[in-house]
Amino acid sequence: MLRYAVTRTGSLLLSLAVASLVIFAAIEVVPGDPAAFMLGLNAQADTVAALRDELGLNASLAERYFSWILGLLKGDLGTSYTYRSPVSEIVAERLVISLPLAGYALLLTMLVAFPAGIFAASRRGSAADVLVMGGTQLGVAIPNFWFAMIMVVIFAINLRWFSAGGFPGWDAGFLAAMKALTLPAIALALPQASILARVMRSALLDTLSSDYIRTARAKGLTKGQALRRHALRNAMIPVLTILGLQFSFLLAGAIIIENVFFLPGLGRLIFQAISQRDLIVVESVVMLLVFAVILVNFLVDLAYAWVDPRLRLRT
Amino acid sequence: MRNLVLGFALTALFVIGALLSFLWTPYDHTVLEVSNKLRPPSLSHPFGTDQLGRDILSMIMVGARTSIAVAVVAVGIGMGLGVPLGLAAAARRGGWVDELIMRGNDLIFAFPSLLIAILITAVFGPSAVNAIIAIGIFNIPVFARVTRGGALSIWQQDFILAARVAGKRATRISVEHILPNIANLLIVQGTIQFSLGILAEAALSYVGLGAQPPVPSWGRMLAESQTLFMIAPHITLFPGFAIVLTVLGLNLAGDGLRDLLDPRIRRTAL
Amino acid sequence: MSVLRVDHLSLSIHGTPILDDVSFEIGPGQVHGLIGESGSGKSMTALAVVQLLPDGAVCSGRIEVEGQNTVALSEPALCEMRGAVVGMVFQEPMTALNPLQTIGQQVAEAILVHERISKPAAMARAQETLARCELPADQFPATRYPHELSGGQRQRVVIAMAIAMRPKLLIADEPTTALDVTTQAEILRLIKRLAAEDQIAVLLITHDLAVVTGIADEISILRRGVVVEQGKGADLHRNMKHPYTKALFAASGHEPERAAQKLKTPLLELHKVTRSYALPRRHLFKASGRFTAVDDVSFELSCGESLGLVGESGCGKSTLTRAILGLEPLQGGTIKLEGTQIDAGDGENLALRRKMQVVFQDPYSSFNPRHKVARLVAEPFHLLCRTATETEIDAALQSVGLAASDKTKFIHEFSGGQRQRIAIARALIIKPDLIVLDEAVSALDVSIRAQILDLLAELSAEFKIAYLFISHDLSVVRRVTDRVLVMQAGRIVEQGATEQVFTNPQHAYTKKLIAAVPHLPDA
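Chains as they are written, first to last, in the numbering used here: chain A, 1 to 315; chain B, 1001 to 1270; chain C, 2001 to 2523.
Derived by calculation from the structure, the hints in this document are not laboratory data.
Since no wrong hints were added, every one of them can be taken at face value.
Facing chain C, from chain A, some residues (calculated, C-beta under 7 Å):
hint, residue
1, T215
2, R217
3, K219
4, L221
5, T222
6, P309
No experiment lies behind these values; they were computed from the predicted model shown.
Think of the CB as a built atom: it goes at the ideal place given N, C-alpha and C, for glycine as much as any other residue.
With the hints as constraints, model all of the structure from the sequences given.
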């Protein structure tokens, strides 16, 4: 088990290192002179030189990369050119919206997908199965930002149950804040819940047809008992894989959904930064998101070992 | 079978619409007729007109071109690079080539296609081509994984040993024996990635990272109509329906193909 | 009173008839052997008893277990009966256990579903039951996971689950087919012992006549869903009436006519061949260990000779086969074919490779399902750097008893036996000097196997081909080879003329192997 965790950690660190190199290269090497790029075509030569100085672009590439990484490790994400304040502070303000939103959406996804998938698998071929599967087909096909727009019209503008956008802040109270996040979370969860329900169903059907389910039935377990005690945990392995991947889709989806609901989260930040050509912010936020994705996949790897005893021995 | 027919019918509808738009559209989608703006659906404009008086049906037909083109090229990039990589990884399973390819895959998986698009746009500016590249890059590891997984199970079969005894090399075996036997898998995955590509293009265009004016796009039609939803819901609903039905059609076709092809795979190959 | 009474049982699945009017009875402590070839409906009989049939199955007739008709029983009542009154053991021990639960949990579950006792009490009884099945607690604690056990040990766990509630009836469906011959003997002895101790009625289902005749009190022979013969196990071979039974007995012991062809010229020479693999590293900073699959193996095979290689699974047979075929690099020693050394690596020394070909065990995975027979059979022509002519393909197909017109068909249009003929045609087509038969008849039913063995004997006589006959089935090897090698844990422990080795084995392992082989009584 320890060995497994150690090798996984090694591969986590390697992935992070390579990902940071890719991001660094994309932002600081490909555009040529990032300072000139940020200031646009009409910039004066001395302004560019001043910015180069401010960003430390006169140092060698290796020095710049390592000082960026060292900064990241210390929690220093650099200073935003447009906001004139440390990126870490801006990101922290945004994170308190984006992180709860992703978590809320993930929770909704699982709350809907698990029962739906189990229900459909245990009644395979029935009208209920066809209905659930048809619903998930539709859920996968609907673009979530469009779904969000429709929900705003129905629930915010017509029924006035929710506000159409914006975020009151956590100071306004937990319930008020969660209420503002509810429509965005539903919009985010819809396609992911549909995918997860389908995966859950097919993973369950796979395990239900395996030999050890027949053994369990021969012991005298009912269909339901065999499903609960033997099929579910075995089906969790493919489900975990998808759940890990889904986290990255939730993060990416949040970038778009935040725009629909005017939520001041990381997604809004990144678009503002792009339009303002604030490369420092783009670089750090992308790195942060990629870090989150890699970390979640690392946790999923560890969860495998927890579910599957065969992995605890192997590499 | 029902799924397959319905799926193909929906897909065909949009492909035909897109092809037809090269020859004929009900109205010229580039002509602005402000006096005729925001008309609800009628006989002369079946899907109504938008805020600038353009015919929505014509725009959806032309927009289908963009969606399909982006998705086709992105799937092409994914297959063109992903399949050979997957075949190579499976042929050298456990070796450093395999390890390198799979680690590279994991790395790309850490960048959702939207993040790749953001990185590209931040540096090169938004365009349909950049959207294609972003979605295409994300497709590479998807196809590499599916190919490797399928190829690994075929490599276990005795007929591969027979081919090796007949003196054939790994490359030749991959092309002659592995590829035809995983073609089904790739076709099914292809339709899935195709539909995901259409969704991704719509999302990227919606946030302004994809197709730029004047190239028409379903995603941008939605973005431009967002504030007018209350006044003229049809300009938001019809492009949305176009996306949903196309993606639904492709997914149904993919599922139907899987059901159609899978039992035969199990009986004969695996 | 009988424990199980099957009375006029008929069964169809989605309208296809599977069983037709099957009747038999088993009393307490009795072992009833149900024998049939693949597709005879023997497994469906077992599933019908506990009503675990696939969807679309329709049963008629009566199946009485302890007087209760299971065909008419409700699902809750069946659940109460399964595991408590009827225990079941299946063929594939590798997949029959849940990989995510310990063996103790799985045996204890068999008790917990039927009795209201505490978990620790159930675990204690599980451990006892495992010990009864010869898995003592000190070596096999209940906390082991299935993947830590061998196939035979897993089958003991499955048996422990089946007998944990001391059932009246035990159904064992091909319980030893996936196991090695020595393990098979142990498992059969275990089942026999448990049946006697607890007075369990046993329904033993198998395709192998020899397995059953040793331990069954009564035997039913099933053919295409019909019981064609029923009788006492001890003297069935003397009193059999139905022609199918007689054919089955004859095919099981079939000995093809072979003329000794042996020439003195050596064809294949192995000298101190060693093949080892690096094991996965256990510790981060220690060098990884190595596993030696083939250890210092030397032997010779002469032109036209039929040489047997026997050993149990994991002994290194397959690795040795691949090494001879030039598909595995060696860590030591040399393999020479007609005096020239074989180097491993794909696409190397084609001229040498064309002198040998191979036939594999599984007729279903041996062919690319996307190619037609003509292309499949002609594949070895790659070694000659030319394509096969129509005449050559026709001749190859005809020499294995198929029609030339078969070449335009796809492989799924053929049965298992026909596929094995096509595999032989593929091996034969470039006229090799040596054909490696890697368990080539192990997956076939006995009657088909007899035909293929005859074919191989004819071809060897006609084309002067040498065979390296690799098999775990000692009784077949004995009937078709001139000399035999016995392999254990990567080493050749004994070699010699086949009859001599079988009648007078020298090495302890050979003795154990031969003793474990179930014997058919002489008719």
